[in-house]
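Using the sequences and the accompanying hints, generate a full structural model.
When we follow my numbering, the leftmost residue of the sequence shown carries the number 395, and every step to the right adds one.
Incorrect hints may appear among the rest.
[Unchecked claim] As a list, the in silico DSBU-like pairs of lysine-lysine whose alpha-carbon atoms are at most 30 Å apart: (1) K634 x K621; (2) K526 x K474; (3) K565 x K627; (4) K526 x K588; (5) K555 x K621; (6) K526 x K591; (7) K591 x K476; (8) K470 x K627; (9) K636 x K621; (10) K441 x K631; (11) K559 x K474.
[To be verified] Ranges of calculated distance between the beta carbons of each label pair, as one might list FRET restraints: (12) A661 x L406: 35 to 45 Å; (13) S659 x K555: 31 to 41 Å; (14) T628 x R506: 38 to 48 Å.
These aren't lab readings, by the way, just hints derived from the structure by calculation. On a predicted model such as this, the values are computed, not experimentally measured, just so you know. Note that beta-carbon positions come from the ideal geometry of N, C-alpha and C, so glycine has one too.
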Amino acid sequence: MSKTKTDTLTILGEQIYPGESKEVNFDVANLHTSTPVNVPVIIERSKKPGPTVLFTAGIHGDEVNGVEIVRQLIAKGINKPKCGTIICMPVINVFGFINLKREFPDGRDLNRVFPGTPSGSLAGRVAHKLIKEVVPHVDLIIDFHTGGSGRFNAPQLRYLKENRKLNTLAKAFGAPFVLYSKNLSKSFRTTCYKLGKPLLLFEGGKSFHIDDMVTNSGVNGSKRILKHLGMLKTSFKSSKPKKDCVFINESRWLRAKYSGMFKASIAIGSHVEKDDVLGNITDPYGKFNFFVRASNTGYIINVNESPIVYQGDALFHISTKLKR
Numbered sequence: 395m396s397k398t399k400t401d402t403l404t405i406l407g408e409q410i411y412p413g414e415s416k417e418v419n420f421d422v423a424n425l426h427t428s429t430p431v432n433v434p435v436i437i438e439r440s441k442k443p444g445p446t447v448l449f450t451a452g453i454h455g456d457e458v459n460g461v462e463i464v465r466q467l468i469a470k471g472i473n474k475p476k477c478g479t480i481i482c483m484p485v486i487n488v489f490g491f492i493n494l495k496r497e498f499p500d501g502r503d504l505n506r507v508f509p510g511t512p513s514g515s516l517a518g519r520v521a522h523k524l525i526k527e528v529v530p531h532v533d534l535i536i537d538f539h540t541g542g543s544g545r546f547n548a549p550q551l552r553y554l555k556e557n558r559k560l561n562t563l564a565k566a567f568g569a570p571f572v573l574y575s576k577n578l579s580k581s582f583r584t585t586c587y588k589l590g591k592p593l594l595l596f597e598g599g600k601s602f603h604i605d606d607m608v609t610n611s612g613v614n615g616s617k618r619i620l621k622h623l624g625m626l627k628t629s630f631k632s633s634k635p636k637k638d639c640v641f642i643n644e645s646r647w648l649r650a651k652y653s654g655m656f657k658a659s660i661a662i663g664s665h666v667e668k669d670d671v672l673g674n675i676t677d678p679y680g681k682f683n684f685f686v687r688a689s690n691t692g693y694i695i696n697v698n699e700s701p702i703v704y705q706g707d708a709l710f711h712i713s714t715k716l717k718r
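If you want it as structure tokens, here you go:
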């Protein structure tokens, strides 16, 4: 069978035919030392037609757990599809990843400059290149993130409420939680939404940290999505989640009433009743001990793991209203 133009996928100036594997370079700028920076984009195409799925991570350079999830998809060969095409971008903000910093060297948060411009800041140029040269070719995006420094997120998916297509895909993914959340201005998710490109945003763990539970949730969820789309090779098993996904309509942060040394005593993902003890705040001198109690019944979807907190700091993210 001859290769036709309709069979050809052209990304970043490279042509990839059905049945081919190719690594292309998402290059934008050199380091300040003139050293070239290669940002590999790993593309695997089946000979059989099917959807094109994009796995992304590292939009924030310090969120290494997402990078680890996509790395495992590649290392285990999960990214070699039974049909269709799988594109993996493990580290989008390679400049931040090199220094384990959230932002780009210009101080900008990549996830607040989309869709970007071809002649703007470094972060804006990366955003523009991703939106113009990669995203148009895909049918579904799964973007991996983690919580901020010291704040550990339970594995969860985030997207706008009442999106039936994403609800179906979220159920297939099987993360412990779905947190309905608004699209943030100039984020990757918002831009993809405006372009009509479905995106599941995965949150799990915290920055500067790799956690096996979170990694397994991301990898297993990705396998389930691929199986749902008919793209997972039969050599890989896709296990059902141990528990049904909990869909959260509303949630709130429980904040510290006092400054001091903080220790959580409740496991992430736990269901708690109102007034249950979740942790305690103490002083260094053994004179003060304040028990932090649940403000309402719900699930704990984020825990602050910082040993020192100040009055007003967010300690726990707790669900307040579930989807029925």
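Inset, instruction - Decide if the proposed pair is consistent with the structure: K526 and K474, CA atoms, cutoff 30 Å inclusive. - result: 24 Å, holds
Legend entry - Holds or violated: K526 to K591, with C-alpha atoms at most 30 Å apart: Holds, at roughly 13 Å.
Inset, instruction - Could you grab the alpha-carbon distance between K591 and K476 and see if it respects the 30 Å cut-off? - result: Holds, at roughly 22 Å.
Legend entry - Straight-line alpha-carbon gap K565 to K627, limit 30 Å: This hinted pair holds, its Cα atoms lying about 20 Å apart.
Inset, instruction - Take the C-beta atom of S659 and the C-beta atom of K555, compute their distance, and say whether it sits inside 31 to 41 Å. - result: 32 Å, holds
Legend entry - Given pair status - K631, K441, alpha carbons within 30 Å: Roughly 22 Å separates the two Cα atoms, so the pair holds.
Legend entry - Distance restraint between K555 and K621, which requires alpha-carbon spacing of 30 Å or less: At roughly 24 Å apart (the allowed maximum being 30 Å), K621 and K555 satisfy the hint.
Legend entry - K559 paired with K474 [C-alpha distance capped at 30 Å]: Roughly 24 Å between the alpha carbons, so the hint for K559 and K474 holds.
Inset, instruction - Please test the hint of 38 to 48 Å on the beta carbon pair from T628 and R506. - result: For T628 and R506 the Cβ distance comes to about 42 Å; the hint holds.
Inset, instruction - Take a quick look at whether K470 and K627 sit within 30 Å of each other, Cα to Cα. - result: 12 Å, holds
Legend entry - K634 paired with K621 [C-alpha distance capped at 30 Å]: 11 Å, holds
Legend entry - Pairwise beta carbon distance, A661 to L406, judged against the given window 35 to 45 Å: 43 Å, holds
Of the hints listed earlier, there is not a single one the structure fails to meet.
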